[in-house]
Structure formats: structure tokens, C-alpha cells
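Student: Chains as they are written, first to last, in UniProt numbering: chain A, 1 to 378; chain B, 1 to 432.
Please note that the accuracy of each hint is not assured.
Quick list of in silico lysine-lysine cross-link-like pairs, DSSO-like style, CA-CA up to 27 Å [unchecked claim]:
no., chain 1, residue 1, chain 2, residue 2
1, B, K7, A, K358
2, A, K243, A, K288
3, A, K355, B, K208
4, A, K13, A, K211
Listed next, the stretches of chain B that the computed footprint assigns to chain A, with coverage defined by at least 3 CB atoms under 8 Å from CB atoms of chain A [to be verified]:
no., stretch
5, 77 to 88
6, 173 to 187
7, 297 to 310
Just so you know, the hints here were simulated from the structure itself, not pulled from any lab data.
The C-beta atom is built at its ideal place from N, Cα and C for all residues, glycine as well.
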Amino acid sequence: MTGELPPGLALQKVDERIMTLNVGPQHPGSGHMRIIVQIDGDYIVACDPDPGYVHRGEEKMAEYRNYITNIPHLERPVIHDSCNVLYPYVLGVEELVGIEVPERAKYVRVIASELNRCIYTMYWLAIYGIFLGHSTMFMWPAGDRELLIDLMEKMTGARVTHAHFVPGGVRNDLPPNFEDVCLRQVNYFEKRIKEYSAVFYDNPILIARTKDTGILSREDAIRLGTTGSVLRASGVDYDLRKKEPYDVYEELDVHTNVMKEGDSYARSKVPWLDMMESCNIIRQALQKMPKSGSVRTKLKPNPKGKGLDSVYKRVESGRGSLGCYIVSDGKTEPYRLKMSVGSFRNLIALPYLLKGEKLGNMPSVYWSLNYWPVEADR
Amino acid sequence: MSVIAPKFKLSEFIKSLLDNAFWAVLILSLIGIPAVFIVLFFIEMPVINGEILTPFLALTWIADPSRTLPIVKAFMATDIFRVMVFPGFGFAALLAAGTIFIERKMLAKLQLRVGPFYCGKFEGILQLMGDGLKLISKEIIIPAKADKPIFWAAPVLFVAAAAAFVALIPVAPGWVVADVDLGLLGVFAVIGFFPIITILSAWSANSKFPFIGGIRALFQMVSFEIPLILSLLGVVMLTGSLNLSEIAASQSSFPWIVFLPIGAIVFFITMLAELERIPFDLPEAESEIVAGWLTELSGMMYGLVQLGTYLKLYAFAALFVVLFLGGWNGPMVVPPFPAEILTEGIVMGPITAHIPGLPLFTQEMLNGTLWFVLKTVAVIFFILLPRGVFPRIRVDMLLNLGWTKLIGLAFVNIFIALGLLYAGVLGPGGLQ
């Protein structure tokens, strides 16, 4: 063999000390993806995340369905956060079609999206717990999540995939007496998640394991384009609910949680603090919401965009900024739809964070990036 | 209601019972009884109470329970009973099974769940049996490139080593399978086998994740063996003996944990590491290396390793009890055996049965076993508890803990023991 081969086909020189591990796609610590890790002893030399195992072509599918029938399948990327995933699409379609949303519907949307953010974060936290070998932290959030799932079921009729947001408002009005039940459950939920600090966030072993591992500096976080809790854990105060308020977020007092450290511990703590903030927002929204009124502006059947037009809307989802770009050519279906998701943006940081880390830190650093494989693949 | 379960009919139920009984009687009378007689023809009959044991005599024991007791007692004096049933394998396996049940239910309560619930009608008490049947019925898959003889042998060796460990534990005065003078040294020798078996199993699987897990297990066990041995030296100094029965007997007034709390703590932590329990379950860290050195084991091979692990857990807890908590020593709570039964017999309705060999166990033995089991269960509880509270630690933290902190503390413990001896608090002329 000569050296004439193109670079991709040439045999790589392999150091005998280095072992290549395929972490995933069938591995308890990978999710629906593969991380190709090269280790030298216990140290990670190189890491190559390989997503794409759950690519379902949501964006292409959206081109064959009209604006209303797109709703149920566009929430599939993150079923636990389905309201937030749908939010930018619904906002975009409203602008394309040109309809106004009733005031009460806006508040209902905020409540639903904050509840969904908590539901998603609890699921994420449960998996973070089991990735660190803490089985109680797997069971507690998975159980306490049910409180909010019950609320969402009362509100929308479905436990997980709600399809509740429609262009023009929300599908149904709140059930009677929902405000009281919601306030009670949310208060209890907040009390419960505060107890997690004793068993998890103040746990000396957890702190020793995750402090100062996988440090993402402020500059790197901005340069790599990370969003959401990862960015806020690196000391950047960036939250779309505050920076680009949509619906009624500007009328609510939104407080963002920022930590300076940028390590795995901070990245795991910021979503937990965000959940408490979500509880505050829900309480405010329940207080300020108009007690009666319409929740949905009637659309004409098969709404159309107004000629050649495009719109880009983004919201703060559980995993960071989630944008939806819709191009319309005046037909009932979108000409092109593109989702820009926080998961994929955060995953970009993984190879930089894992380089030089120990193998034992891989699960904690990987999952602290607030990454959802299905959303990244779409 | 259910489609699968047919409707219950009493007549069919009775008919099925009669069918089964018919076949059982037929098979027994055509095959069983001739087989028993053929076997008995060739072996020499034992003599029990001056009578030659014949099948007819054996049949009379079924009718008269008082005649069964002498042979039961004779059997209990044999070594095979000690190895298989009481202080040995059967007793340990029973406690290990209880441990698994307690672990599941306790962890479930801690995590606001129910735990095993349906299997066995009452709180899922037969769940372990179901799991065992599942493991037995599963196919054993051997990796194509595995070193097959070693890969097959490793789980068996693991259980054998765990059983050897169990054999060294004295349960009650005089009740120990292997009463060795160098018992504690024997324990260290058996503990030294586990890393070898682990690395053999991991390496012979010829797979990456088991290999990493095996190396981790090797690191962990070897680096924690030193503080383990050092932490027990204090007890050996105070008692002047390596015989575990003597060590247990020496704590009749004070358990050694009163004088050597640091040694007990060090031993407890190293015990958790040797047992690969959370927070030291690095060799089986599932989010990093799948199941560690158990990854390629399937079916009953995995079941055997689990059996060995829980036997080891029982043995370590029992060792802690024997060395630090006073073994079988405790207040006498078992009432004495009423001697009237021997002299006057038991009134059973119209007849009065004189049962000559009735006290199968002495009062001391029953009392000792009771205290031993209570203490062991308490220690096992504290071994299980960290699983619900702590996350897993990392290799470098583990080695740092083992080589610096625990060894240092173990030396502090040795100096405390030396100080107690030279000050005359303990030892000849002292408290004990």
C-alpha cells in the first residue's frame, strides 16, 4: 500500500495504549445515540458524538401536511416538553396567517409551557440521577413528575403528548376549578423539589464527583453556541423569556438563574433552580389571568399564508432556545420548516468538555448538557 | 372475566387431583420402591439405637415421630449437616435470600415505591424464586472469542470462594464448619481469591467493557485489602488469637467496637468496597461500562455470580459481627427446655408420647444463633442503606480514599489497641 489513498481511506496509525469504546447506541448510559470514546487508561483522549439514530424527518413531513395537521407530529421530538416544542411553530403560524390570540389563551399557554418545562426537567433530572448511580434520585423525580402530569391531563386530556397549542390560542378552555388545583399541586411540587437538595445537590459525593469537571468557560459557551441552562451555568444571563418576551412573559416577573462555575454541578443545578422559577411564574400567571373569556380565535378551515413569506420565532424550552423557521408560499402547507433546537447546540460542546476527562465523568458531563437525543435528530 | 383462565369447576379439580395421585402412586410403586430396595441391598445398613436400619424400620418412623428423632440427631452431628445446612451453605443462602427481599422492599420504601408486590401473594415474597427460575430458564450465551474454560469456571469459582468464606464464620458456640486456629488468616486468604476470579472472568470474556470493569474491580479490591487487614489487626492484638471462635468468645463482656470504633468504621467502609456496593460499585457502573465485569455473563452464570455476591455480603456482615459486635454473645432470652417432656412425655390427645432425643439444639446454641442473626441483619441493613442515599464515586476518589485516608485511620486504630494493651486497660489483669 502506498500513501496515495485519499485521506478518508488511509489507515490511521493507532496507538496501542488507546482503546476505542462505542458507548451506544445500545448502552445504558448513552440514550439514542453513540459516543465514540477513545480512552488511554482512565482518561478520555478523544470523543466523537454520533447522533442521528432517531432521525424521523419531522421537517420534511411538515411540508406535506397543512398548518393544523402538523401540530401532533411536530411535538414528537420531545414528548415530555411537547407544549414548548410546539410553541414557536404556533407563534409563527399565527404571524403567517395573521390572527390575534385572546389574552386568556396567552396565560393558559404560559402555564402549560411552564408545567411542561418542569415535567421535562424532572425526567431529565431522574436520568441524571441514575447516570450518577443514585437510584433514589431516579425514583423521586419520576414519581413527583406525576403531580404535574395529572395537571396537564386535567388541562389537555393527555398525559404526555398534549397537542394543546393551536394557532389562535389553545384547544380547550381550562376545566372548572383548575386554578385552585393547580396552585395546590404546584405549591406541593415546589416543596418536594426543595427536598432534593438534601439527598442530591448537597450530597458530598455528588459535589466531589461533579464539581470542577467538564468546565465550560463563559467565552467558550458563547463561542460554541450553547443555549439554555448550559449557557446560564457558564455565567451568561440569557433567557429568551426575558430577552425576547413572547406572549405574556413581559408582564410577568421572570427571574433567571445564573451560575458562574460552568462545571457539571452548575449545569445540573440550574435546571433545578429553573423549576422553582417556573413555579413562581405559574403562580403569577394564575393570579393575573383573566378569569373568563375566549381561549381560541376561530380559524378558517385550511389556513393559508399570505403569499411568499417567512417567519422565525423562538422560545425558551427546557433545553434552551428553540426556534422554528417557516417559509410559506401561499399554500395550505408550509413550503419549508426548519427547527433549530437547543439539544443539538449543546451537544456541540461535548467533545471539548470530555477531552482529558476521566471515563467516570463521561455520564455526568454528557447528561449535564441538557441534551435530548430525539430532539437533536428530529 | 379472564379469557386465559378457564372457569373453575370443583369436579374437574378433584378429578385432576385424583389423576395426579394415580400417576404418582403408579410411578412410585413400579419404579421408586424397587429402586430404593436395590440401592439398600448393596449398601451397608447403619445401626441406630441398636437396631439395623431397614426399609421397614424406616416406614415405622413415619408412623411414630419419636423414633425419627434419633436419626435426625445423628444426622445433625455429621459434617455434611454443618456444611450443607446449619452454619454453612443453607443457613447463609437463606439469610442471603432474606437480604435480597429486605433490600428490595427497604429501597422501595425509601424511594416512595412499592417494590415487588404480586409474586407470592404476600408483598412479593416469592419474587426471588421467580427471578431464579427466569435466570435458570434463560439461554447462556458465550462470546465467540471468549476463553471458554476459564469463562465457564469463573462464576462457579466465585460461588465456591464465597461458600468457603461462609464456612469460616462461627455462628454459635461450637457451631462452625471449619474451626481453624488461623481462621482470620483464612478469611484474608479467601478474600484474596475474589480479585483473581474477577479478573479471570473479565479477561476471558475478551470484551472491552468487562475488561475495564475487571481492571476496576482489581484496583478496588487490591487497594482496599490493605486497610481491611490493617483494621482487623487491632482486634487480633487485643485477643491474641486468630481463631474466630475465640475472638467471638473473648467479647463476652464488651464487644470490641467499644474500644476500637475507628477500626470498625474502617472495616465497614472497606467492606462496602470489597462487596462492590454503592457508593463503591464502580466495577458494575452501568452508565459508564454497561455492567462492568458481569456484562457478558448471561443466564444462570449471572445468577451464580449474584448468589456468590450475596453470600459474600452475608459473610462480611457476619465477620463484622464476630470481630466487633461480639458474635453470639448476648443476654439469655431463649427459655430453657422444659425437662418434663423427657420424663413425663407430651400429652397428645389420648396418647402420651415419650420423645427421647427431643432437645435437638441446646439453649446456648439457640440463644447464640438468635443474637448472631439479629446483629447480622442489623449490619446488613447498614450495608444496604447507602444504596438509597449515595451516588457512585469515581476511581481516583476511591483509590485516594483507600490508600491515604483509610490506611492512616487503620494505623491510628492499631496505636489505640497498643495503647490499651500497654496501659493495662485490656489484656491480662485488665477488663477482659
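Student: So, for every hint listed, does it hold in this structure?
Tutor: Hints and how they fare:
Of the supplied pair hints, the one linking K7(B) and K358(A) is violated, its CA atoms being roughly 61 Å apart against a limit of 27 Å. Straight-line distance between C-alpha atoms of K243(A) and K288(A) comes to about 21 Å, which keeps the hinted pair within the 27 Å bound. A C-alpha spacing of about 20 Å is found between K355(A) and K208(B), which places the hinted pair at or below 27 Å, so the restraint holds. The straight-line distance between the Cα atoms of K13(A) and K211(A) is roughly 35 Å, outside the 27 Å bound, and the hint therefore fails.
Note: the stretch 77 to 88 of chain B has 0 residues with beta-carbon separation from chain A under 8 Å; the three-residue rule is not met and the coverage is violated. Only residues whose beta carbon comes within less than 8 Å of a beta carbon in chain A count, and the stretch 173 to 187 of chain B has 0; fewer than three means the coverage is violated. A stretch counts as covered by a chain when three or more of its residues have a beta carbon under 8 Å from one of that chain; for the stretch 297 to 310 of chain B and chain A the count is 0, and the coverage is violated.
Hints 1, 4, 5, 6 and 7 from the earlier list are contradicted by this structure; the remaining hints agree with it.
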